[in-house]
Structure formats: C-alpha cells, structure tokens
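Asker: Protein sequences appear in the order of chains A, B and C.
In this text, residue positions in the first sequence follow the numbering used here: the first is 1, and each later residue adds one.
In this text, residue positions in the second sequence follow the numbering used here: the first is 1, and each later residue adds one.
In this text, residue positions in the third sequence follow the numbering used here: the first is 1, and each later residue adds one.
No lab work stands behind these hints, which were simulated from the structure alone.
There could be a bad hint or two in this list.
[To be verified] Straight line, CA to CA, 20 Å or less: simulated EDC-like cross-link-like pairs of lysine to aspartate or glutamate:
| no. | chain 1 | residue 1 | chain 2 | residue 2 |
| --- | --- | --- | --- | --- |
| 1 | B | Lys-270 | C | Asp-605 |
| 2 | B | Lys-205 | A | Asp-38 |
| 3 | B | Lys-65 | C | Glu-595 |
| 4 | A | Lys-140 | A | Glu-5 |
| 5 | A | Lys-67 | C | Glu-595 |
| 6 | B | Lys-32 | A | Glu-5 |
[What the hints assert, rightly or not] Here are a few chain B residues that sit away from chain C, every Cβ distance over 12 Å (derived from the structure):
| no. | residue |
| --- | --- |
| 7 | Met-6 |
| 8 | Arg-40 |
| 9 | Gly-42 |
| 10 | Ala-130 |
| 11 | Phe-140 |
| 12 | Leu-227 |
| 13 | Ala-230 |
| 14 | Gln-242 |
| 15 | Leu-259 |
By construction, the Cβ of each residue, glycine as well, lies at the ideal position given by its N, Cα and C atoms.
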Amino acid sequence: MSLTEMARKKSPWVIHVGTGGCNGCDLELLACLAPRYDISRFGVMSTGNPKHADVMLVVGPVSLKYKEILKNLYDQMPDPKVVVAVGTCASTGGIYQGCYGHCGSVDKVIPVDVYVPGCNVRPEAIIDGLVLALDILNEKERKLLSEKKGAA
Amino acid sequence: MMAEGMLDYAIPLIILILSPFVGGLLIGIDRKVTARIQNRAGPPIVQPFYDVLKLFGKEDKVVNKAYLVFGCAYLLTVILSLALLLFKYDLLITTFIFGLSFIFLVLAGYSTRSQFGYMGATRELMQMLAYEPILLFTVFLIRLVTGSFETDAIFKASQPLLFTLPLALLSIFVILPIKARKSPFDISEAHQEIAQGPETEYSGKYLGMLYIAHFFELIFVLWFVGLFYAKGFWLLPGWTMQALLMAVAYVFLIVVDNLTARLRVDQMFKQVFIIGMALLILNLAYILVTGRWIA
Amino acid sequence: MDGSLLLLSMTIVPALLGIICYLAPGYEVKKYVVILCAIVLTVASLLVLSGGAQVIAAESIDMAGVGIPISPIILVLDYLLMLTFLWYGWKDKEYKAVLLVILQLIPLTYLEFFVQKAASVGAATFVMDKLAIVMGLIVSIIGSLILIYSIGYMRGDKRVSSFFLVMMLFLGDMNALVFTNDLAWMFFFWEVTTLCSFLLIRHYGDEASIRASDRALWMNLLGGVSLICGIVLIEHIYGTTFLSEISSAAGQGVLSFLPAGAIALPFAFLAFGAFTKSALMPFNSWLTGAMVAPTPVSALLHSSTMVNAGVYLLIRLAPFIIGSYVSTMIAVIGGFSFMFCALLALSQTDSKRILAYSTISYLGLIAMCTGINTGLALTAAVALLVFHAVSKGLMFLCVGKVQHDTGARDIESMEGLVARMPLVAYIMVVGLISLMAPPFGVFVGKWLAFQSVSTFTSISLSLVDIFFIIFGSIFSVFYYSRWAGKLLATKPFTEVRPEHHEWYTELPLIVLGLGVFVTVALTTFFFSSLISLPPAYGVEPSKLVTGWSIHSALGGFSPLGFLIVFLIIILVPVLAIRVPRTAITHTYACGTGEEPELGGGYFQDIIGEGVSLKYLDPAGVLLMIALFAAAVI
Numbered sequence: 001m002s003l004t005e006m007a008r009k010k011s012p013w014v015i016h017v018g019t020g021g022c023n024g025c026d027l028e029l030l031a032c033l034a035p036r037y038d039i040s041r042f043g044v045m046s047t048g049n050p051k052h053a054d055v056m057l058v059v060g061p062v063s064l065k066y067k068e069i070l071k072n073l074y075d076q077m078p079d080p081k082v083v084v085a086v087g088t089c090a091s092t093g094g095i096y097q098g099c100y101g102h103c104g105s106v107d108k109v110i111p112v113d114v115y116v117p118g119c120n121v122r123p124e125a126i127i128d129g130l131v132l133a134l135d136i137l138n139e140k141e142r143k144l145l146s147e148k149k150g151a152a
Numbered sequence: 001m002m003a004e005g006m007l008d009y010a011i012p013l014i015i016l017i018l019s020p021f022v023g024g025l026l027i028g029i030d031r032k033v034t035a036r037i038q039n040r041a042g043p044p045i046v047q048p049f050y051d052v053l054k055l056f057g058k059e060d061k062v063v064n065k066a067y068l069v070f071g072c073a074y075l076l077t078v079i080l081s082l083a084l085l086l087f088k089y090d091l092l093i094t095t096f097i098f099g100l101s102f103i104f105l106v107l108a109g110y111s112t113r114s115q116f117g118y119m120g121a122t123r124e125l126m127q128m129l130a131y132e133p134i135l136l137f138t139v140f141l142i143r144l145v146t147g148s149f150e151t152d153a154i155f156k157a158s159q160p161l162l163f164t165l166p167l168a169l170l171s172i173f174v175i176l177p178i179k180a181r182k183s184p185f186d187i188s189e190a191h192q193e194i195a196q197g198p199e200t201e202y203s204g205k206y207l208g209m210l211y212i213a214h215f216f217e218l219i220f221v222l223w224f225v226g227l228f229y230a231k232g233f234w235l236l237p238g239w240t241m242q243a244l245l246m247a248v249a250y251v252f253l254i255v256v257d258n259l260t261a262r263l264r265v266d267q268m269f270k271q272v273f274i275i276g277m278a279l280l281i282l283n284l285a286y287i288l289v290t291g292r293w294i295a
Numbered sequence: 001m002d003g004s005l006l007l008l009s010m011t012i013v014p015a016l017l018g019i020i021c022y023l024a025p026g027y028e029v030k031k032y033v034v035i036l037c038a039i040v041l042t043v044a045s046l047l048v049l050s051g052g053a054q055v056i057a058a059e060s061i062d063m064a065g066v067g068i069p070i071s072p073i074i075l076v077l078d079y080l081l082m083l084t085f086l087w088y089g090w091k092d093k094e095y096k097a098v099l100l101v102i103l104q105l106i107p108l109t110y111l112e113f114f115v116q117k118a119a120s121v122g123a124a125t126f127v128m129d130k131l132a133i134v135m136g137l138i139v140s141i142i143g144s145l146i147l148i149y150s151i152g153y154m155r156g157d158k159r160v161s162s163f164f165l166v167m168m169l170f171l172g173d174m175n176a177l178v179f180t181n182d183l184a185w186m187f188f189f190w191e192v193t194t195l196c197s198f199l200l201i202r203h204y205g206d207e208a209s210i211r212a213s214d215r216a217l218w219m220n221l222l223g224g225v226s227l228i229c230g231i232v233l234i235e236h237i238y239g240t241t242f243l244s245e246i247s248s249a250a251g252q253g254v255l256s257f258l259p260a261g262a263i264a265l266p267f268a269f270l271a272f273g274a275f276t277k278s279a280l281m282p283f284n285s286w287l288t289g290a291m292v293a294p295t296p297v298s299a300l301l302h303s304s305t306m307v308n309a310g311v312y313l314l315i316r317l318a319p320f321i322i323g324s325y326v327s328t329m330i331a332v333i334g335g336f337s338f339m340f341c342a343l344l345a346l347s348q349t350d351s352k353r354i355l356a357y358s359t360i361s362y363l364g365l366i367a368m369c370t371g372i373n374t375g376l377a378l379t380a381a382v383a384l385l386v387f388h389a390v391s392k393g394l395m396f397l398c399v400g401k402v403q404h405d406t407g408a409r410d411i412e413s414m415e416g417l418v419a420r421m422p423l424v425a426y427i428m429v430v431g432l433i434s435l436m437a438p439p440f441g442v443f444v445g446k447w448l449a450f451q452s453v454s455t456f457t458s459i460s461l462s463l464v465d466i467f468f469i470i471f472g473s474i475f476s477v478f479y480y481s482r483w484a485g486k487l488l489a490t491k492p493f494t495e496v497r498p499e500h501h502e503w504y505t506e507l508p509l510i511v512l513g514l515g516v517f518v519t520v521a522l523t524t525f526f527f528s529s530l531i532s533l534p535p536a537y538g539v540e541p542s543k544l545v546t547g548w549s550i551h552s553a554l555g556g557f558s559p560l561g562f563l564i565v566f567l568i569i570i571l572v573p574v575l576a577i578r579v580p581r582t583a584i585t586h587t588y589a590c591g592t593g594e595e596p597e598l599g600g601g602y603f604q605d606i607i608g609e610g611v612s613l614k615y616l617d618p619a620g621v622l623l624m625i626a627l628f629a630a631a632v633i
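Chain A on its own, in the form it takes in the complex:
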C-alpha cells in the first residue's frame, strides 16, 4: 500500500449532510464527534465544505426540495469520494417510505457505497460503516487510475 493510500485511510474528511427527516441520526452522528466515541482519533475532521471532503455522510430520506442540492454537493466533491447512507431512512426510506414529499432512499439520487442501518443508528455502527468506507476509498482510486491509464 503506497504512502498516499495509507494517508487516505488515515485522514478521511467528512461532510455531514442532513436531507430532511427527524434529525435523530444527526444527533447520533454529532455524538460520534464527542469525547466518548471520538471519531477524530481516526483522523476524521468534519468540514462543512464538499470541496474539502472525502466521505459524505448522508442522513435522512431525501426530501424533494433537497434532491438538487444533494446532487450539487456530490458533484462538488473531488474524487475519490465515498457516500455513506447513515440510518434506515437514508438506506431505504425507513418510516417515510411512500410519503409524497420524499424521494425515498439516498441511492435514488446519488450512488451509495456503504449502508448503515438503524433507527437511530448507533454511534458504534457509524464508526463501523466509516471504517468500511475507508477501504472502499482506496479501491475506487485504484479503479479510477486504471481507467485513466486504459483510456490514455
């Protein structure tokens, strides 16, 4: 594993996107940053800016108003990037399934790499999902580089 790949695993910067819903999973996500669960020991930094982020943690079912915004934020993230759908509503639509104001799950709008179920999702599960996402980051980068080499 090269130096860059190791650095990528050790320093995932996170953007936390709440797309509507009850905000219960948002609070659990914020608890991760707090001293007890402390995801900053993995080098995680919560930036509010997609241009600086590697991992997008999406919470909540995507309301219709938020669909364009989510796509915009996803496009602004530089490669390689991973999307983690946190909570049941983000993974499958959860309690909002079939509602008139929601698209349903996040993967109807942007491609999702890791699904973390739970209502509310437990902080330990979020950390588990995040660590899974780190390996996917490196896989994606390798795929991108081989595609570029193949196209060139």
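Knowing the structure of chain A, use the given hints to seat chains B and C on it.
Answerer: Leaving out everything else, chains B and C in the frame of chain A:
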C-alpha cells in the same frame, strides 16, 4: 573562515527545510493535547502529514484560475519571508513581505467569487488591521532599542530584547492567536460561520499547499517570538533560550485556544487595540524615559 | 542643447500648440497637433535630463533682436488673471471667490509697486536642478501619455477644442512652475494652474460640475492669498524673492509687530498655500468633488501633476525650516491626512472617489516626509513623488477606460471585469498591487519614510507620525486589495469575450503599466543619479546605493532583486497551473447553485464621509491654526 561562512548559510537552510515538518508536528501535538484536555483520544501527532498527503492524492475541483495562482503565491511568499527571517535579513522588510503573503491570501479569497470567500477575505483584512499595527510598532520599538532594523543587531545587542521590551512581548502574545488562527481570534476561518473563509474553494493539491503554508507560518510566528531572547543565559547557549521562549509561546497558544471561545470582530478590535496599544505605549514611554534608545 | 531653448519648448511651445489646436478645423487635424505636442514635450524633457543640471538667468525673451522683459508681462497677465477670476466668481454668484481675489490683489499690488526690491543683476530666474528635472519629467512624460489617451477618450465630445487648449496650456505652465526660481513668478504660474483646474472641472457644464469647480476655485484662491502673503513676508525678511538666494544668514528686518522668533512665519504661509493646492485635510473636499471632471483631467491634474505642485513647494521649502516647529507641524498635518483620508477611502464604493482620497492620502505622506526633514525623509519624499505619480496616473486612466466602455464607475460593478475587458483589468490589478505591495516603488518610498520616522534625535510631537504611517499604510492595503480581488472574481463557467480595442486609450495604459516595472527596476539608478539634497542635510542619496541595493544605516534591501523574486512568485504559478475543463465546478453556496449578491464591508455607518468629516474637518482647521501658532512661538 570558509567553514564559518558555510555554517552561516547551512544552519538557516537546514532550519528552513525542517520547518514544515516541525510545524506539522507542532500542529499535530496541539491537536493531541487539545483532545486529551477534552478527555478523548485524539488523532496521532503525525496527522497533519497524513492530511497533506491525502490532499495531494485528490483530483482538482476548481472555480477559476486566479485564486489558485494567488494560493501558490501565498505559499511561496511565506517560504520567502521565513527564509528572510532565518537568514537574518532586514526585519522591517521581512515583516512587510510576511504581510504581502496575507495580501495574496486576501486576493485569493476575493477572487473566488463565493460568499464565504468574500466574507472570509474581508474578515482576514480586518484581522490584518488588528495585528499589523502591533507588529509594526514592535518592530519600531526593536529598532529604537537595538539601533537598526537589521536582525543581526538583535543578536549583537548587549541585552536580550526581553529585558528592554517586556510589554512589547506581551502585546505580541495578545496577537499570537490571530496569526496562528486559533481561538479567540480565529475569525477569518470561523469554521461554523463561514465554511473555511478564504480557503473554501480550494481542493486537492492546492489545499495541500495552503496547509503547508500554515506550517511555515506557525514557525515564522514562533521564531519571531524567539528573537526576544537571543542571548545565552548562564550556561545555556543562545539557541536554547530561543527554543524555550518559542515553547512558552506555543503552550500559551494551546492553553488560550482551549480556554476561550471565538470573539466577534469588534470585540477583537477593542481588546487588541486597547490592551496591545496600551502595553506598547507604556513600553515606549519606558524606554524613552530611561534613555535606553539609540537614535 | 541650449537650456533656454529647451525651456522655451517645454513651456511656451505647448501653449502655442494649444492655441493652434483650438483653431484647427476637424478632429483629425487636432489629433495630429496633440500628438506633436506630446512628442515635443517628451523629447524636450529627455533632452533636459541628459543635459544635466543648469541655471538660466533669462530676464527677457529675445524675439527678432528685441528683448521683451518677462517680469512686466507676468505682472500684466497676473492682473488679467485676477480679473478673470472676479468675472467667473461674479457670474456664478460665488462671493467667497470674489472676496478672495480682492484679498489677493492687495498684497500683490503692495509687493509689485510699494516694496523697494533689491536689484539682483543676473540672478537665476529659472533653475533646472535635479529635483526640477525629475518633476519636469513626470509632468512631460505622464502628461504626453495622458494627451494621447485623451485623443481616444474625448472623441465625440462637444467642447473638445477648449479642452485640449486648456490641457496643453496647463502642461506648459506646470513646466514653468517647476523650473522657476522667482517666487513672484511662481505665484503667477500657481494661479494659472488654479484657472486651468477651474476650467477643466466645469468642462461638462452641468450643475454638479459648476458647483465643484466653484469650490475648487475658492479653496485654491485661499491658498493663493496665503502664498502671496508669504512671498511679501519673505521679501521683507530676506530681501529677495529668489528661492536660491534665501539663506538663513540673511534673516533680518523682521516686521516690527511680529515677535523676533517669527522667522519661520512666511514659510508657514507658503505651506498653507501648498496644503490647499495638494488638497490635504481640511481642504480635501475640492479634490473629491473634482472627480466630476473627465478622467484625463483627473489623471493629469488631480493625481500626477497639479497636486504635486503643492508638495513640490514643500520640498523646496524644507531646507529653510530644518528643526523648527513649523516643520514638525507640517509632518503632523501630512500624517493626519495620510491616515484619515485612507480611512475615508475605505468607506467609498465609487472608484474615482477611492482614487481621490488615496491621492490625498499619499500626498499627505509626502508632506509628512518633508516635515520630518532629514536627508532620508526627503529622499523618501522625492521617491514617493515619482512612483506615486506613475501608479496613480495609470489607475485613473484605467478607471476612465472602464467608465467609458461600461458606463459604470462603482467598484461593485467591476466584479469579474477580467472576463469582459481582460487587458484593462490585468493592468488595473498591476497598478493596484504596485500601490501597496513590496517590492514596488510606492513601497520603497513608504519603507524609507518608515525608516526616517523612526530616526529621531529628540523626543517631540513627531512621535505621533509613527502611528499615522502605520495605520495609514494598513488602511491602504485594505481598500486596494478589496478592489483588486473583485476585478479577478469571475464566475466559474464564463468565457472570456474578445475585447474591443482602441489603441489611443490603450497604448498609454500599456506604457504606464510597463513603466511601473521599469521604474522599480531602475530605482537604484534613480537614487544615485537623480536625487541630490542641499548640503544642509549632510547625506547624499547616492551613498545609499550599493550595487543593486539600497542601504541606509538602519538596514536595506534590493528593489531589483525583490522585483525578480516577485515576478517569479507570480509567473511560476500562472504558467505551471493548468485548469482542465472537467475540473471546473460551482462555488460552494451550500449546494443551492445560486449566486448570492456579494458586496459590503464599506462600514459607511462607522467611517463614512458623513460621520467622519464631522470630526475631521474641525480637527484639520485646528491643525492649521496650530501651524501658524508654531511659527510665532
């Protein structure tokens, strides 16, 4: 003779090359200590280097070319100003070149045409309005006490600057959080208020360059503080005392960061100007009255 | 070349060409007369430079073997000028001007008819020393470039003939003012500049222009009153009105109703006149109001040449008031203008007003340097004079072109100008950076000023200057960098439109833009060969130069070296960074994809004109009173 001349150039060069690494480690130690104070584990102390390496491995997502040019110019100018300080160039010019690096950062912030960049750049200018008078006034006081603006004169002076300019050093400590972008004066990169301020639209390797620039900046600021005790003390040689003073400034930064919350711009102005200027004027009066100045 | 011939071609020939241009039919013919005038001025000034310092004792103009004495001609023209002012003042119902003209006539008549003047045979009436040559170069070269710019700018204007007549008359008169040695003649040339400024400000003839020109008129006339009073006092105390003949040893015959220590009083009067001409506080409102004039007028008169006449006079007077209280007060007034006009410029959104306040601010800095009155400070003053004229003239010309092409003057509308007018926008960014950043010329002057302020042998009021210079320079960084950044702020997916080129207006911009770099690179030559101080200072500017760097006793740096480093720092990223098309994305607006309205940060409630001038104007008046009080103590 030749060896002395070579040593004069070699040591600052080595320090210059080691600066980003030392700066990164200091930032990493800062994050670890902060985490420990908050009763959590915190990232490893080499975390800033992981951050920079990761950033260089990402693709670019840019808005226009102008702010990238200014970002690179910011990095190069910070390196230039640190080099000038280490190689003992004229202190006034060094301070102005250091100010030039912030001008580039401000230009970068304005030329991104994003609201966070705009507000961040305006706040950065207001921070400059707060610390630059104190810095230039301190350089003026150093000139009065040592007789010239050359950094050499500080090393050759009969007394360390700490003894003649103690209040000026205190006023430098007041503006130290502004330069190191820490609470209570980290207003231009008020993370919760305006995203990342002037750095919002940077990504990938250009953001990595800005991070490296911050490493150099921290070393510049600490080295400037270290100049205040450039002589030996008893058995300890000069550079040990410098390092000790730099360590004191660094610990001060960490402690103040953890004790305080971010202040508003007008509060920053009031505090910096009232306390800082009062200290400097008192110090000026002291050296004029006791005649410790050189015309 | 013969000095008097060159002098003639720099002073009378432009005026004659102005009259020819007025009479010439059609714009095409006028164009060529203007270009001829520009060429004559440039060539003559360069020949004067290569000829070196010389002295001309011309008492009369020889025409076809008949010698016409100059002094009576000037006297007659003086009275004609006063009558012109009276007529205009009466026509516009500006009674302050009428009163001030009458106040001027009294000392003038007294000086010319009732004072026994010592006959000085063969005295030098025109002196071309290095300072005068440098000023002549500024006036002629920048003036020529602005004339060429006006050809493009004023095309289609209704009153273009009178415009060019007054401009060329002004250039000739300004050259004469710079070279003259007799203070009474200088008074005449000074008032002609007042007339030219008055006529040019009211060029457009609308309500605002007429009011602005009237205000400029009475403030300049006030300065003229003070000037002529000072000249009368100098005649009494020193027995001569020739600048080169005034020496402190000859200070006798003080008027009986003044205290014996009032030897510096005439210089206080002259300084007051200089302050009104350079629009320092509290006289700043005429300059900011004069921005209604066409932009070539603002560039020529109100940034590079006419307002420089005031500080030029201060530099000439400086050797006579070394170490006196008047000198200290001049420094304080200059510093006060520097800091507070920079603060006022922060609050403006109109680009020409920002440039106007910034001009007053830098003139204040030059005045402060002359007030500090050491060798280093005077070197700083001359250096600032030159570099500021180049950069500020460039900025005004650029702003004029933008106003001409887009119709807007506000800097908020200049956002992203790089995409619409790339050439002008880049030159503007160069001009703005050259006004605030190391290693450019204005910075060299500021650095020298900083060094000279921090060198004092006794504790005095001039310690206040250190505050003024620190705060003023930081304020100037604020408003310039905000403007420069706005120019470059292009939206992500904009194409650069091909620009419509008009070479008459763009050639001077390119020349001045290059001139900014060239003057910095040649700083060391400039210092070693073009600045020389009177022996009273004991310091030679040429001693400051060692090789390519400038070193005073306090420290030094190399302008050329830093210029090269600066160019590397900017050009290496410009050339090395590639932005592939796929990488362009939107700005982060929280994902909404909307671009919000950006603006603000002008703080008009705190430091706006309405708020600040309430306190600053009385403070300025108090400082003027203090100036005269300092002279009699």
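Asker: Sort out which numbered hints this structure fails and list those numbers smallest first.
Answerer: 2, 6, 10 and 11
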